[in-house]
Structure formats: structure tokens, C-alpha cells
Amino acid sequence: MNQITFKVRGNDVTVGLGAEAGQLQLNAMEPVIAQACVESLRLLTSGCEVLRTRCVDGITANQDVCERYVHNSISVVTILNDYIGHRAGDEVGREAVKTGRSVRDIVLERGLLDEETVDRLLALDNLTCSR
Amino acid sequence: MARTETDLLGSREVPDDAWYGIHTLRAVENFPISGILVSSVPELIRGMVLVKKAATLANVQLGALPPKVGQAILAACDEVLEQGRCLDQFPIDVFQGGAGTSMNMNTNEVLANLALEQLGLEKGRYDVVDPNDHVNRSQSTNDAYPTGFRLALDALFARLATAVQSLADAFEAKGTEFAHIVKLGRTQLQDAVPMTLGQEFTAFGVTLAEEIRHIEYARTLLLEVNLGATAIGTGLNTPPGYRELAVAHRRCRGPRPDRGDQRHRRLRPGPRHLQAPGVQAVEGLQRSATVVLGAACRAERDQPAGASGWQLDHAGEGQSRRPGGREPNHVQGPWQ
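Protein chains in written order, with our numbering: chain X, 1 to 131; chain H, 1001 to 1336.
Treat the hints with care, since some could be wrong.
As the list claims (entries may be wrong) - Restraint-style ranges between C-beta atoms, simulated for each label pair:
#, chain 1, residue 1, chain 2, residue 2, range
1, X, Ser46, H, Gly1084, 20 to 26 Å
2, X, Ala21, H, Asp1133, 53 to 59 Å
3, X, Leu24, H, Gly1063, 30 to 36 Å
4, H, Thr1176, X, Asn126, 17 to 23 Å
5, H, Phe1095, X, Ser46, 18 to 24 Å
6, X, Arg9, H, Val1206, 18 to 24 Å
7, X, Asn81, H, Ile1212, 49 to 55 Å
8, H, Gly1120, X, Arg9, 48 to 54 Å
9, X, Gln63, H, Gln1190, 21 to 27 Å
10, X, Glu20, H, Val1128, 18 to 24 Å
11, H, Pro1032, X, Leu24, 51 to 57 Å
Said to hold, decoys possible - A short list of chain H residues far from chain X (calculated; beta carbon distances all over 12 Å):
#, residue
12, Gly1063
13, Gln1118
14, Glu1122
The hints are simulated quantities; they were obtained by calculation from the structure and are not laboratory data.
Just so it is clear, CB atoms sit at the ideal spot from N, CA and C, and this is done for glycine as well.
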């Protein structure tokens, strides 16, 4: 698909040059304009169909992997900043990076929030603002 | 077996089973450039034949063609359009000088010979149906060819719109399927805050679907044509009223599904003295579609290293041996 887009972008240059090169009452470059446009349209159409049938339709998700990355990421500290303050959030994040421990554990250990609040804030539907 | 045809430059032998004539023969010899023959682009042939049909209808209506000749040409056009006859009779290169003269003459000759067949006559009897005087009546290459290839592009854009919509729908379907799966967003090539995998796929679908509006707009530009303008835009050699009739008759292709403002679906006479109107805008819109597609594919490709947050279960052959995952070759493999 990427190759197709590169080719189409090149054809776009061709069309621009061809359109610009019209000579008074006749643009003699229309054959190459036509060839470039036809090629681009055919490539894009085929590309979309192949991408859909041989790629997108068959994609499956690894839910565990996705969620593990969320739980283990220090970026979740962002949602706690409104409750523990930005400075404390920075320090929690620094500790997480240094020790590899989870944000949740560090927040609880430092007594910044109670367990129920932390778990509520770090729940997946809260993290994605879909509650 | 061959027949002899004559033009200003002399006589040539044209194969008996060829539906084209001497001008096409000379064009094959003059333009051996890309090897891509017009016969491999049936949309171009259809576009040209639609022009000839519209022109002939207008000419017959205005008394500019003998009715019997006109009817024979119209029947010839329909044989090509509806039955696909003689689509292999366009051996000229798509690259050609003369601003499409060879394409125009190839079309004129094929239709003249098909019309002769309608009248029970052999090929080459141009004293009865002449490629120039009859099939090309009231036309010039400089209005027939630009109109013809714009019609071809319009048809191809319609197909692209369908393909883009289907792809957008496929992304949206994945958006629904993955709506409950949480993943990390990515910004600056780093972990960002969470989102759902469904939101990511839905975004691709929405962005792609927006391109369809641009495609439809491009089509309205393409349907603004200079048919009736003839050689330089003044309408020389056309009978009064021809221009409006010829453009209106382009609807003889058949009913088009009604979609929004019907006015935009019809051919409109374009500014006669401008060249390549709308085509550059058309290509620019293809460019924006490629930017969107390219971005979507890069996003799929650039998931966090080793994350394998999603995968293809039926990826094609020739996959890399990278452990832990399969490459979606149709996104990434084409990076040759």
C-alpha cells in the first residue's frame, strides 16, 4: 500500500507538470495525464481492496497484551495528577522508571491515595474516559 | 489477407481482420513508447465511444448526418459499450503525441467499420461511412479526446469511491469489534495515555470515509467538459445548438443513481478556452487520499516494538522471520 501511495504521488507530479505545460489553445500533454490518472486510480482501487480483504478483515487483537502495557506504563500517572498534584506525579513516575515497579504500588506505598480510589481511577473505563 | 487504405501520406495495407484503419496503423509505428496499449484500458475506449455516441445523436438530431449513417454509427457504439466488441482493436500506445489524435482516429476507424458491418458492407468502405466526415463530425481531437478521457476517469473514480467506502467500513467494523480493548496511545514515538483499540480503528475509518466527499467533488469537476468546442474552443464546424445537445446526450450512458444534487451529475459545457480543467484538482485529491492511506498504514506498521497488540492470523506468504509476530505484508511488505 505504501508503494502504491509513492507511485500515485509521483504520478501527481506528472499530472501537475502536464497540466502546466498546456500550449495556448491545446494541451498536448493530456495522453500522459490520462495514463498517470488511470494508473493511479487503478492502483488505489486495487490497493484498498487488497488491504481490506487480505489485512484489515483478518486483524485480531491481543487483549491481554494491550492491557498489560497499559497497566505497566507510567503514563497512567497522568490521570492521577489531578488528585495527587503534578509534582507528586512526576516523582511517582521517576520512581517507576527507576525501579520498574508499578505506579499503583508506588502511590499506595507513599500514601498518596487510598486503595479504593487508586483502583477506581486506574480502572480501564476511567482511563479511557468512557465511563 | 489485407485491404488497402489511403490517406494524405499514401497507401498502406491493413489486415483484413483489423477493425482499425490506416491512421491507427501509422500510430502504432510512430509511438512504440510504453508498451501499454489502449486496449488494456477499456475505460478509455468506453469514454471515447460515449463521446462519439453523444456527438452522433446531436448530429442526427440537427440534420448534420444522414440518418442511415447516423443510426449505423449509433448501433456500432452500442456494440462496443454493451457487448464489449472490438475492445482489442486499439493497439496504439497510451503515450502518444498529437494530444490524443491517434486515440481519436483509432476510435473513429473502429466505429466506422462496425457501422459498415451494420449496413452489410465490408470494412474500409469509407465512401459510405467515413471515420472523419461521419464518426468525427462536428468534433476535433481537442474536444473529443479530453472529454473521452475525463469520462474514463469519472468511471474509475466511481470504482475508487466504492473501494474506499468498503475499506472505511472494514475499519469501522474493527472499531466496533475492539471497542472494549484498552491500549496505550502513542505520541512522539512514546507511550501516551490510554485509549481503546476500537477508537484507533474507527479513526482510520472516519478519515478514509471523508475522502469520498473529495472524490465526489472531483467527479463533478471532471464532468465539466469542452465537448462542442472543437479545435480551439470556438465551436468551429459545429451546427448551431450542437454543443448543448452533445453534452446533454452524454447521459445516454444510462440512468445514474440519484445522489444529491442531480445537476452535478450531468456534463456541463466547460470554459471552452481552458485546457485540462479540473484534472489537476483531480490528481490533487488522489494525493490527499494517498496521504490518508499512507498514514493509516504507517500507523498500523508502527505499533510499539514487540507489542503485538494485534496480528493477522492469515498473513500471506513470504513473511519475515521476526519472532513473536507476523508481518502484515499487505501493509508493510510492500516497502520494497
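Hints and how they fare:
Range check, serine 46 of chain X to glycine 1084 of chain H: Cβ separation about 21 Å, and the 20 to 26 Å hint holds. Range check, alanine 21 of chain X to aspartate 1133 of chain H: about 32 Å between beta-carbon atoms, so the 53 to 59 Å window is missed. In this structure, leucine 24 of chain X and glycine 1063 of chain H meet the distance hint of 30 to 36 Å, their C-beta atoms being roughly 33 Å apart. Here the CB-CB span from threonine 1176 of chain H to asparagine 126 of chain X is close to 22 Å, well matched to the stated 17 to 23 Å.
In this structure the supplied range 18 to 24 Å holds for phenylalanine 1095 of chain H paired with serine 46 of chain X, their Cβ-Cβ distance being about 22 Å. Roughly 23 Å separates the CB atoms of arginine 9 of chain X and valine 1206 of chain H, a value that falls within the hinted 18 to 24 Å. Taking the beta carbon of each, asparagine 81 of chain X and isoleucine 1212 of chain H are about 41 Å apart, not inside 49 to 55 Å as hinted. At about 53 Å, the CB distance of glycine 1120 of chain H to arginine 9 of chain X agrees with the hint of 48 to 54 Å.
Checking the proposed 21 to 27 Å range against glutamine 63 of chain X and glutamine 1190 of chain H shows it holds: the Cβ atoms sit about 22 Å from each other. At roughly 44 Å, the beta carbons of glutamate 20 of chain X and valine 1128 of chain H sit outside the given window of 18 to 24 Å. At about 29 Å, the CB distance of proline 1032 of chain H to leucine 24 of chain X disagrees with the hint of 51 to 57 Å. Taking the minimum C-beta to C-beta distance to chain X, about 29 Å, the non-interface status of glycine 1063 of chain H holds against the 12 Å cut.
Against the 12 Å criterion, glutamine 1118 of chain H stays outside the reach of chain X, whose nearest CB is about 29 Å from its own CB. Every CB of chain X lies more than 12 Å from the CB of glutamate 1122 of chain H, the least distance being 32 Å, so the non-interface label holds.
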